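Each chain, letter by letter, is given below.
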Amino acid sequence: MKLNFLKAIVLAATVALAACSTVPTTTPTLDEARADFVAANNNPQVATYAPMEFKQAGEALDRANQAAAKRGSLDTIDRLAYVAKQRIATAQEVAKSKAAEAEVANASRQRDRVQLEARTAEADRARRDASAAQAQAQDAQAQAAAAQQQAAQQADRASRLEALLVELHAQKTDRGMVVTIGDVLFATDRAELNANGMATVRKLAEIMMQNPDRTVMVEGFTDSTGSAAHNKDLSERRAASVAQALASLGVPRERIGMRGYGEAFPVASNDTASNRQLNRRVEIVLSNEGATIPPRAAQR
Amino acid sequence: MDTKSMNLLMRVGAAAAVLSLAACASPEKTPATAAVAVSHNAVENAVSAGAPELAPAEINAARDKMMRANQALAARDYKTARELAVQAQADAKLAQSKANSAKATAAADALNEDLRVLRQEVDRANSDQH
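As given, the protein sequences belong to chains Z and S, one line each in that order.
Note that numbering that gives the first Met the number 0 has the first sequence beginning at 0, numbered continuously upward.
Note that numbering that gives the first Met the number 0 has the second sequence beginning at 0, numbered continuously upward.
There's no promise every hint is true.
What the hints assert, rightly or not - Straight-line C-alpha distance at most 27 Å; calculated DSS-like pairs for lysine-lysine: (1) K54/Z - K6/Z; (2) K54/Z - K69/Z; (3) K102/S - K28/S; (4) K69/Z - K102/S; (5) K97/Z - K78/S; (6) K78/S - K69/Z; (7) K28/S - K97/Z; (8) K54/Z - K97/Z.
To be verified - Listed next, the stretches of chain S that the computed footprint assigns to chain Z, with coverage defined by at least 3 CB atoms under 8 Å from CB atoms of chain Z: (9) 79–86; (10) 91–100; (11) 112–125.
Treat the hints as calculated values from the structure; they're not laboratory data.
The structure displayed is predicted, hence computed values, not measured ones.
Ideal Cβ positions, reconstructed from N, Cα and C, are used throughout, including at glycine.
The whole structure should be built from the sequences, with the hints applied where relevant.
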C-alpha cells in the first residue's frame, strides 16, 4: 500500500516534469514548412524573382513558429504552418515563372540574332554566287573574244599565205608547198640572186615570219652540163645563197635547211636549152604547219 | 402630443433600433466576410489563369475550402470562416502561380526548341554551300 503510494508520487512528478520540459511543440506540417523555407532560401531564383512573395511566406512561417512557441493548439499550429507552406510554394512557383519568362526573352533575342545571321549569310552567299557568276561570264566573254580574235588572225594569215603562195606559183606536194626559183633569177652560172630573185625570197621570208611553225628546205639543182663536181658545188652555193638571203631577212637559221643535189632530180630532159634551163633551179619546200619535211625520195 | 415630443420619441426609437442591430452583429462578421470575398477573387483569378487544367489539386483544395468557408459564414461561425478563407486564398494563389509557371516554362521550352531547330537549319545551310 505504501509502496503503491510512492509509485504514484513518482509518476505524478514525472508527468509534471514532462509538462515543464522545454521541448518545443511542432507538427509534421510545420516541419515541412520549415524545410521548404530553407530550400526556397537556398534557391537564388527566389531571391531574384520573388522577393516579395518570399517575404510574405517568411511572415506566415513566423506566425506559425510563434504559435508553436506559445504552445498553441496543434490545430492552430497546423493551420498556420499550412498557409506558410502554401506561400513558400507560391514564392517558388512565381520565381520559376519569372525565370522562364526571362528565358523566353533571352531565347527570343537569340532567335532574332540567329535569324539575322542566317539572313546575312544567305545574302553573302547570294552576293558571292552572283559575283562568281559574273566573273565566269566575263571570263567566258573574254575567252570568246580571244578565240574570235585568234580565228580572225588565223584566217587573215591563211588568206595572206594563200595569196603569197599564188604569187610565187607554189605547188602543193606531199612534202609541202614547193616554190621554185628558176635559173632566170640568178646571175648566169653564179650563185647570186638578181633583183627578181630577191623579190621572190622576200615574199618567202614574209611567209616564214608570219608562220613561225613552218620550216623550209632549200634544195639546189643544175642541168647535166659540166662536171658533176662543178654542178654539185653550184647547186649547193645557189641553195646557200637563198638560205643566206632568207636569214638576212630575219628568218632564224634553225628553220632553214639546205642541200645541193647537182644534176640529180631533173624536172626535164637535158636535151634542149630551154629544158636545161628548167633543170637549173632552186626549190624551196615550205613545211606544213608544225610538220617536218620528209626527205626527198631516192633518185628515180 | 405635440410635434416636438413626437420627434424626440422617434429619435429614441431609432437609436434603440441601431443599438439593438449593433448588438446582434458579431465583431468578427465583417473581417470574415471580407476574407471570404478576397479568397473568392483569388479563386477566380486562378481559374482564369488556367489552374483547373494546370494545377487541379491546388484549385480543388481552394474551392473546397471556399465552400466550407461559405457554410461557416452561413452558420455564423466567423472564426472558422475566416481561417478557411485564408487557407483557400493561399491555395488559390499557389494554384495561380503554378499555372503561370507551367505556361511560362512551356513557352520557354517551345522557344528553345525553335532556336535549336533554327540553329540546325542555319548550320546545314552554311555547310551545304561548298
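Status of each hint after checking the structure:
1. K54/Z - K6/Z: Between K54/Z and K6/Z the Cα gap is close to 52 Å, so the pair fails against 27 Å, i.e. violated.
2. K54/Z - K69/Z: 22 Å, holds
3. K102/S - K28/S: Violated, at roughly 38 Å.
4. K69/Z - K102/S: Not OK: K69/Z and K102/S at ~42 Å, beyond 27 Å, violated.
5. K97/Z - K78/S: 36 Å, violated
6. K78/S - K69/Z: 20 Å, holds
7. K28/S - K97/Z: The hint is violated at about 38 Å.
8. K54/Z - K97/Z: Holds, at about 17 Å.
9. 79–86: With 3 residues closer than 8 Å to chain Z, the region 79–86 of chain S meets the three-residue bar; holds.
10. 91–100: holds (count 6)
11. 112–125: Since 8 is at least three, the answer is holds.
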